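S.K.: Using the sequences and the hints given, assemble the complete structure.
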Amino acid sequence: MQTGTSRYWLFQVFGWGLFALVNIFFAVTFGGFNERFLTRLALFIVLGIVFTHLMRSVVHISNLLLRPLNRQIPGFILLTFVTSVVVTILELLISELLNMSAEKPGYTFFGKILLNTFNSFIYLFIWSSIYFMYHYVAKSRKQQMDTLQLETMVKELELQTIKAHINPHFIFNALNSIRALVDENPERARRAITELSNILRSSMQADKSESASMERELDIVKDYLALENMRFEDRLRVEYEIDPDTLSRPVPPMMLQTLVENAIKHGISRQIQGGVVRIVSVLRDGFHELCVVNTGYLNGHSSDDLLPARKSIDVQGRGFGLYSTTNRLQLLYGNKAKFEIRQTAPGLVEAKVQIPADTVVY
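Residue 3 is where the sequence shown starts when you use the numbering used here, and the numbers rise one by one after that.
A portion of the hints provided could be inaccurate.
Claimed, not checked - Beta-carbon label-pair distances, calculated as ranges:
1. I124 with V48: 12 to 20 Å
2. S271 with E217: 22 to 30 Å
3. Q146 with V52: 33 to 41 Å
4. D185 with Q332: 37 to 45 Å
5. Q332 with L23: 51 to 59 Å
6. P70 with F27: 20 to 28 Å
7. F16 with P358: 29 to 37 Å
8. M147 with N200: 42 to 50 Å
9. P70 with R203: 54 to 62 Å
10. S271 with D247: 30 to 38 Å
11. V240 with L202: 44 to 52 Å
Please keep in mind that the hints were generated in silico from the structure rather than gathered at the bench.
These numbers were taken from a predicted model, which means no experiment stands behind them.
Backbone N, C-alpha and C fix where the C-beta goes; we use that ideal spot for every residue, glycine too.
M.R.: Structure follows, in structure tokens:
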């Protein structure tokens, strides 16, 4: 408030000072510069400063700037007109009392009021227009900033919500894998619990940032696949095709693990003979490309049932895991990142994420 008041008075002094200099310049140029002129100019400036300040007070008291635009403009015009009439009458009365009234042959006192009111209205209207435009622009900028802050808050809340869903989803599936080993192989079950604790520790650390290195995410996936391998045994085969240059690149935490989990849940677990999960990480065409290829069919259909129009599907129909992947990419990278899941060949499904190689998570 103190800064705003100081700025207001700075503008007042500058504006009326400029008005005085312009009038003095024309008076000197056209030969009207004298003591009476200076006195009348000083009187008008004093009245102008006093009554524009009163106009500002009326604007604040009436909350005129908070009203709709179609009510603000008429309000400013009416306020300016009324102030112009009052300033004109006071100026003429004081000038008459001090015997400084300008000679205007043929003009009655009422005629002088009309003429001076018109002149005063022009000057005060300029003041009102500048004041109105300043606050209108300031209000628009504040609204834009508030909107951006709100969008940022919404984005952060959405990301936190997605993470809150991802972690329990992962934990419950891992616990189910360990439960299957408790009776069959207690020693391996104990080792699996240790492995799970390592994964959970990594998961909690991942919640503290919006990105993690590809190498770290790959380690989490390897731990997860080690747990799943105990459940599927020879039915699960894992292949890696990792470009070493991608290991240091940032990726959204737990995203790769979500894709691998989806490949096992909707692919390998539905195949009697099991199948393969291939993890690919390469740099291609300006993108960091992450692919998880698995044996299986989209939505449980065989390749004969898949029409060309259904070779790729809407990820919203594939459960929360893939839907959350789409949302996270949108929130973190906007429209620069891509994600699709499609049937690339009979009995082979590919989930592919493309992250722009020159963009970091924000």
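S.K.: Okay, which hints does this one fail, numbers in order?
M.R.: 6, 7, 11
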